[in-house]
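Engineer: Given these sequences and hints, build the entire structure.
Same order as they appear, the protein sequences are chains A and B.
To convert, note that position 68 of the first sequence is 68 in the numbering used here; the numbers rise steadily by one, no gaps.
To convert, note that position 41 of the second sequence is 1041 in the numbering used here; the numbers rise steadily by one, no gaps.
Incorrect hints may appear among the rest.
What the hints assert, rightly or not - Below, a list of computed lysine to any residue pairs in the SDA-like style, where the Cα atoms sit at most 25 Å apart:
| hint | chain 1 | residue 1 | chain 2 | residue 2 |
| --- | --- | --- | --- | --- |
| 1 | B | Lys1065 | A | Gly106 |
| 2 | B | Lys1065 | A | Thr5 |
| 3 | B | Lys1065 | A | Val2 |
| 4 | A | Lys109 | B | Gly1108 |
| 5 | B | Lys1065 | A | Trp99 |
| 6 | B | Lys1065 | A | His98 |
| 7 | B | Lys1076 | A | Pro100 |
| 8 | B | Lys1065 | A | Gln27 |
| 9 | B | Lys1065 | A | Leu101 |
| 10 | A | Lys109 | B | Asp1103 |
| 11 | A | Lys79 | B | Glu1046 |
| 12 | A | Lys113 | B | Gly1044 |
| 13 | A | Lys109 | B | Trp1101 |
| 14 | A | Lys113 | B | Met1043 |
| 15 | A | Lys109 | B | Val1093 |
| 16 | A | Lys79 | A | Tyr37 |
| 17 | A | Lys109 | B | Gly1044 |
Think of the hints as simulated: they come from the structure by calculation, not from any bench.
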Amino acid sequence: DVVMTQSPLSLPVTLGQPASISCRSSQSLVHSDGNTYLNWFQQRPGQSPRRLIYMVSNRDSGVPDRFSGSGSGTDFTLKISRVEAEDVGIYYCMQATHWPLLTFGGGTKVEIK
Amino acid sequence: EVQLLESGGGLVQPGGSLRLSCEASGFMFSRFDMTWVRQGPGMGLEWVSLISATDGSTHYADSVKGRFIISRDNSKNTLSLQMNSLRVEDTAVYYCVKGAWADVWGQGTTVTVSS
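Structural biologist: In structure tokens form, the structure reads like this:
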């Protein structure tokens, strides 16, 4: 099974400063069709998860452009260019390349310093 | 608007059963794989099960294989999860999720397994 490892576990950030979250997979996430099915989710306190990024770098509708995703193969990154108060929450990566067994990372908690 | 509405959660004793339902609206339900994801208290997200739109094949995490059964009724736009032989460690919020790409999530339904 594919294991997704996120770091750091906790990320205290000053408002207006950038933040970066790493996600590494135990196997390549390049699908046989050439695509890479790596998504990022945000879960604000008390809410359901919300998808932010799909296929490594594509922002979902309504997601602010301060969020960006990058990476390839087994190493991926979610960046927030300037953290705002509403960005507090837990961020998860998830792979869907190895369908039907979907796998989530353990999560990274973003908080304001 | 795409919506997923879960129901059926509650308190059940270890060894008991529970059936979760998810009513989908706002999209062509029959064309999408559907997924259940759970989140234990203070824990991360765990994929539980997926049912294919293409052939109705079902897939399970090892932690629930042989105990849970996922099904769908495309005529009613409904996804279900029959949970049997429940264990304390099955306690979680269960989310109904659209697709394998997980672009839409329901609000979740809480399952508590306790004596």
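Engineer: Give me the numbers of the hints this structure contradicts, sorted from smallest to largest.
Structural biologist: none
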